[in-house]
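Participant: Here is what each chain is made of, one letter per residue.
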Amino acid sequence: MADPHELYTFLLRVGDDNLILAQRLGELVSWMPELEEDIAVANVALDHLGQARNVLTYAARMAGPDASEDTLAMERSEREFLNAVLVEQPNGDFGQTMARQLFVDAYQVPFYEALATSSDDTVAGIAAKAVKEARYHLARSSNWVVVLGDGTDESHQRMQAGIDAMWRYTADLFFTDETEEALQQAGILPSFDNIRGTFDDTVSSVLARGLLALPEDPYQRIGGRTGFHTEHLGHLLPDMQALHRANAGASW
Amino acid sequence: MTRTEVDPQARFDEIIEAGEKVEPRDWMPEAYRKTMIRQIAQHAHSEVIGQQPEGNWITRAPSLARKAILIAKVQDEAGHGLYLYSAAETLGVSRHELNEMLHSGRQKYSSIFNYPTLSWADIGAIGWLVDGAAITNQVMLTRTSYGPYSRAMIRICKEESFHQRQGYEIMLALVNGTEQQKAIAQDAFERWWWPSLAMFGPPDDQSTHTEQSQAWGIKLETNDELRQKFVDMTVPQADYLGLTVPDPELRYDEDSGHYHFGEIDWDDFWQVVKGNGPCNRERIAHKTKAWDDGAWVREAALAHAAKQANNSKGAEK
Ligand SMILES: [Fe+2]
Ligand SMILES: [Fe+2]
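In order, the protein sequences belong to chains A and B. In this text, residue positions in the first sequence follow the numbering used here: the first is 102, and each later residue adds one. In this text, residue positions in the second sequence follow the numbering used here: the first is -6, and each later residue adds one.
Same shape as in the complex, but just chain A (with noise of 0.2 Å):
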């Protein structure tokens, strides 16, 4: 049996990459290159949104009577929260914010496909709702990719580097320890072993249709989802939390 603050670690990484990703792309709307994108980011802004407060509401009945999704997002400090660090460096320019999107992507489909076939029941159903969302963010990053390598000189260069400065971060989307290994073995948590080679074929892919590559230097950053952040988080999360801090036991 594995001890129910097992799965609370594990669902807060799963809130917390949505919370955290949710917070930057919301700081996006009204800022984007057209009309159209200003919907279409705070749509995303919206699902991943969803998608945390499902899980982190979830979360927050192993934490205790008085918590709450709330709690859980406005009154954690730094080292507390355990999204992967992709999730909380800044936008950037559009190429930047589209190349940390379809990484992403490229990893929450197949692991919410996976994440669908847990045995918890409230885990299963967030999962199998996360997904469809997830493909559809992935249609519309893997296409902004793709033309953005395609369109300009200009355009290929910034995404090339957008590509570049996020994939030293993509490595831990897919950390794990112990928490996920005592879930699994307890029969909650799917193995996760094939998500890494369709992120993989799913990046190659997209990347070589916008004549694109990989950097060649192998640096991977992780420490998210042990709670060893980059110093994004630490400005992000005072901008958030504020006012829900400075009102302690408030209802709004």
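A partial selection of chain B residues facing chain A, derived with a Cβ cut-off under 7 Å:
hint, residue
1, Leu57
2, Ala283
3, Trp289
4, Ala293
5, His297
Residues from chain B that keep clear of chain A, each with C-beta distances beyond 10 Å, as calculated:
hint, residue
6, Arg4
7, Arg26
8, Val86
9, Ser97
10, Val132
11, Gly140
12, Arg158
13, Trp187
14, Asp232
15, Leu234
16, Asp246
17, Glu256
It is worth saying that the hints were derived from the structure and are not from the lab. Glycine is no exception: its CB is placed at the ideal position from the N, C-alpha and C atoms.
Since the structure of chain A is provided, determine the placement of chain B with the ligands on it from the hints.
Facilitator: Okay, now just chain B with the ligands, sitting in the frame of chain A:
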């Protein structure tokens, strides 16, 4: 005589007279077309610029539920901009031309968005008051004489009533909250009240467009009539919230069945219209920066589409 032989002006007058809709294929006086373009474009620009003051609180919303509602609202506003630009395009202008006119200041957007959002309560006040005022105006516009504009308004009005209710709910939560929450609710209400009344435009005796617009069936009620409607609707809501209307002259007039309210500071209004409001520069700077920063993306999309078209032509040969 067949319809095509009818004097086009007479046919246009007939449509207006009968309260029917003017459609893009119909002949219309050049001045009508120009007025329609100006009005629809200004409305579209307002929706788009309106993303900014509210977008300002997306990252800082105090709960995840409020954050989701706010993102969806700002997204709706962008969608309204899109419908309205499409309606304007039926009159023979392109969205990008209109965009240029906004950036260069030749076309305007609603002055209400030149005020800053300084606390979370401003998000409630905007939804409740600004969307509320917009609905009052737009319900009238669902019956406006230009078909595509009228139909866009029908779609938009439904969403605006959601926004208004959501704004009111934010205020309701605040006035039932802590002392500090009550204080920001009252403060936001005081800052947004007068600018919301000014949204209906100058008083009827000073309004330059009203008469012709009424004759053309574009505007079916006057600025002052709409403003009165809004005040009559909103004051009881403020009472229910326990908020004090910042107007010492406000009183209910038993005889007329309307609220009497004080004089709007029109000097301030015209200052803001002329560009000297608290956020005029920031709003246009934000908009033009987003547009300029996105130039390479739009160019890339065009270049890619051209390459695709070329490739498929090559494949056909
Ligand atoms: Fe709107
Ligand atoms: Fe609205």
